[in-house]
Structure formats: C-alpha cells, structure tokens
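Based on the sequences and whatever the hints tell you, model everything.
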Amino acid sequence: MEQRIYLDHAATTYTKPEVLEEMLPYFTEMYGNPSSVHSFGRETRKALDLARDRVARAINADSNDIYFTGSGTESDNWAIKGVALANREKGNHIITSSIEHHAVMHTCGKLEREGFAVTYLPVDKYGLVDPELVREAITDKTILISIMTANNEIGTIQPIKEIGIIAQGRNIIFHTDAVQAIGSIPVDVNEMNVDLLSISAHKFYGPKGVGALYMRKGVKAQQMIHGGAQEKNRRAGTENLPAIVGLGKAIELAVTDMPARNTRIQSLRDRLIEGIMSNVDNTLLNGHPTRRLPGNVNFSFEFIEGESLLLSLDIKGIAGSSGSACTSGSLDPSHVLLAIGLPHETAHGSLRLTLGDQNTEEEVDYVLEVLPQVVQRLREMSPLFNQQEGGKTYV
Amino acid sequence: MYSDKVMDHFTNPRNVGEIENPDGVGEVGNPRCGDIMKVYIKVEDEIIVDVKFKTFGCGAAIATSSISTELIKGKTVDEALEVTNKSVAEALGGLPPVKMHCSVLAEDAIKNAIKDYRAKNPAKSSI
Ligand code: FES
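Protein sequence lines correspond, in order, to chains A and B. Position 288 (the first sequence) corresponds to 287 in numbering that gives the first Met the number 0; numbering is contiguous. Position 6 (the second sequence) corresponds to 5 in numbering that gives the first Met the number 0; numbering is contiguous.
One or more hints might be untrue.
What the hints assert, rightly or not - In silico DSSO-like pairs for lysine-lysine, Cα to Cα no more than 30 Å straight-line:
| hint | chain 1 | residue 1 | chain 2 | residue 2 |
| --- | --- | --- | --- | --- |
| 1 | A | K315 | A | K207 |
| 2 | B | K4 | A | K315 |
| 3 | B | K72 | B | K4 |
| 4 | A | K89 | A | K231 |
| 5 | B | K51 | A | K315 |
Claimed, not checked - Sample of chain B residues with no beta-carbon within 12 Å of chain A, all distances over it, derived:
| hint | residue |
| --- | --- |
| 6 | K4 |
| 7 | K74 |
| 8 | T75 |
| 9 | G93 |
| 10 | D115 |
| 11 | K119 |
Said to hold, decoys possible - A few chain B residues facing chain A, derived, Cβ under 7 Å:
| hint | residue |
| --- | --- |
| 12 | I35 |
| 13 | G56 |
| 14 | C57 |
These aren't lab readings, by the way, just hints derived from the structure by calculation. Here the structure is a predicted model, which means the values were calculated and not measured. Here a beta-carbon is modelled for each residue, glycine too, at the ideal position from N, C-alpha and C.
As structure tokens, this is what we get:
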C-alpha cells in the first residue's frame, strides 16, 4: 500500500500541530492543579479560563455557560439525563429525532426505561426533521427537545433555528448535539435559540477525550459526576488541562479558518459526488443534496455490502466507513439509513467518505478511479446483481 | 481483525460465478445480518466436479464462501456434507467471534445445493 487516503474525518481528525504545540507545556511545565491557590495553580487556572473564553467566542455564548467534559458523548448524556432528572416534576416527555447519534439515542432509551416518554420524530428521505412535527409533538408534559445540528452519517443539516423558536415559544429546554457541526457550519447559540449544545474536540482537529457542554444560564440540570468543586460545582474531576487547552485552540482555529477551508472541502466533496454518481449505476446519494455538511459524502451502492467494500478500499489505501449491518457490532444496519427509508439491502451497501482539510484533488481523483472498479468487482460476486440485464434490477 | 488467509480468499476468491445447467443450487440468506450466498454444483458419479458461488456479504462471508468451494471441489457428495461452519472457519485460520455466524452461510448453502441435487436425482441418493 503506497498511498493512504484518509476519508473518515467524521469519525475523528488528526490533531493540528499548532494545537498540539499549545497543549504540550501543560504536561511537563505547567502542571499545577487549577484549583490550587499557589502560582502553579494560578497559571493553569488562567489557561482554563482562556480555553473557556475561546469556546464561548466560537459559538457566541457567555463564558460562564461553558462546561468542559470528557467527550461529546458525556455532554449529550449530561444534557439529556441532567435536564430530564432535574425537571421531572414538570413532566416526563422528551422529543428527539430518529436519526440522532447513539449518545443521544441510547441515553433517551435509558430514560424510557426509567419512566420517561420519548417521541422519536421521523425524518424525510433527506434526513430532515420537519419543525411542524416538533410543534405537534409537544404536550404539556414535554420538558426537553433534543435535535442534532447536523447528522454524522449523512451530513444533513437540521433547521435548528426554527425548532429553537418553537421550543422557546413553549418554554421548553432545547438541546442540540453540534458535534459534527462545529467548524463545518456557523454555530451561534443565540441565533439558533438553543439552551444546551454538545461539542467534541477531536472532530475539529483537536485532541480526543475532551468535550464541552454549553448550558445557558438558568437551565436546570442535574449534576452527573460528583466530587470536587470543578466546573462551578457542576462537573467534578480535576480538569484535563492539556486537552482543554487543545480544545480551546482547535475551536478557535476551526471557526476562524472556516470559510476558506470549507470552500475547498466542499468543492472536493462535489467533485467526488458528481464523479461517482455519473460513473456508477444503481447508486444513491444519501442525505440532502445541498443542506449537507461540506465534507460529507454518503452513497449506497446497490447489490453489495459495506464491509467488503471498506475492506476492498482499505487494500487500495482508502479509509472510509459504512452503515452496513456487517460493520456494526450489533449486526443491525444504521438506524439513520433505515430512518430515511432505505431498505435493509440498500443500507447494507452504504459508504461514508468524509473529507478534511488535508485531502487533495489528486486524492479525490484516485478515489474516482478506484471506487468504481471495487464496486464492479463486488457486484460481479453478488447474487443480487444481474449482469445480463445490466444490473438494473434485482434478480 | 482478519487472518491473512481470510484476506487472501477475500482478495482472490476462488470459484466465483455461476454454472450453467447446474446439478444443484443452494441459496441461503443470513438471518442475522441479511446477507445472501448462492452455490452452484456440478456432479458426476457422485463427485462434485465443479462448484461456483456468488455472495452478497461481508469479508468473512466472501472468504468462507470461497474456501468452502475449495473444500468440496473434487469430493464426493457425502464428503461434502461433512463440511461444517467450524471446519470452514478453521481452514481460514479462524474468524473473529462476531463473524462466526458468516461461516454458517457457507455450510448451509452447500447443504442446500446438495439437497437440491438429491431432490433432482433421487435414484442416486443414499447408496
Ligand atoms: S455476512 Fe454479515 S457480518 Fe458477515
């Protein structure tokens, strides 16, 4: 394998050297505990405050409303369980969508088992949530709405602002998982009318194992991790300072570089989509044609299965991911692909390629050369593919 | 996650295709993940002289399909019936635990193909 091409940026990104550089001194030189009174503690406290300010600035929030966590998943758990448990006397109903990340889905599932009622709103064939359906689902027991800003699999960008207006009008707390959105589209908590918003650093060229939760002042949410007085007494545990510093730097870069970076990435995305759609028959583009993340491509190739597609691409040096049942530990196809109406077999042949800031046009052209061959080879092995009929129908 | 042998059979699968006028065809779907395997056999004097397969499935499914065709080619029908998903997995140098169910696909497809052959040739069965 000569060349390796990474097209799985929605899974994780590399950490930018500038980010790493800012992090490093906090391992070896500035290691004080930010809760300590002495000078060692004061210098790391300052770094913590700066990181918080940077996150706040990136999403147009107040620094006091930013809490650091261990991951985007923790942020989602905290937002949903925290709000649900703290507002139980007001009601037990939660509204979410059927295409949320597992961090939201499984957290809602846990709450259902504890007596909460959850409405999983359907989406249209592009993966869009209809704000009207949100409005109709609201009852006088509804305490929380949680809809992701942009989908991790198919890249569809939700009408968050509209949903936020509805939530605000009914005085219902509104959370959005913006893990895939930060750095890809503008995120502004006031513009979007959100009360809570989840962030994960490793999706925008920051380190893994650190996230943040924006929680608007006044939102009642239970504490999930008990212990020391960190994070204004709301999330205990000595701060992972190097990672938090990294998150701060990464989000600042992600937002300032956004227009230029995304114009480039989006043109690569469109080249990839057009190249494949015009060259490979029986292929679907999953997600919305225009309301999609700049780096997201998601195809379904009929008659083939995603894991064997990923393996074949990996042999050729191309790294992607799939919603196929065979790649999921649970052997169920992606709930997102099923929710947009794909039949099981079509969800099986899905391929997600997510572009990042180091991908080049040459790399995209290499994919355009290799991918059709790989698909063809697997189709020739497939009992569903009828070559005689030009592959137009299932046999 | 896969052994070299699995990757070899995945990359260069043996006996892919269809047989015209086969003596037996077996098609099975995997209830766990929805994959499908189809096996064609050609039998002469109770010996499987040719076998071909087509598989819609994961890397393990394709590799087990491939190696199981190798295991039964040239064997008698009765010998072929002794191929189990375990022996298929062993011949591949093992499979990850979550992928063991894929090897059942190959075993079942072969058994079905033989059953089909027996049904079409009742006289020759049970010697
Ligand atoms: S055939 Fe689906 S996991 Fe192997």
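For each hint, the structure was consulted:
no.: 1; hint: K315/A / K207/A; in the structure: holds (27 Å)
no.: 2; hint: K4/B / K315/A; in the structure: holds (18 Å)
no.: 3; hint: K72/B / K4/B; in the structure: holds (18 Å)
no.: 4; hint: K89/A / K231/A; in the structure: holds (25 Å)
no.: 5; hint: K51/B / K315/A; in the structure: holds (26 Å)
no.: 6; hint: K4; in the structure: holds (14 Å)
no.: 7; hint: K74; in the structure: holds (23 Å)
no.: 8; hint: T75; in the structure: holds (26 Å)
no.: 9; hint: G93; in the structure: holds (17 Å)
no.: 10; hint: D115; in the structure: holds (15 Å)
no.: 11; hint: K119; in the structure: holds (20 Å)
no.: 12; hint: I35; in the structure: holds (5 Å)
no.: 13; hint: G56; in the structure: holds (5 Å)
no.: 14; hint: C57; in the structure: holds (4 Å)
Violated hints: none; the structure is consistent with every hint.
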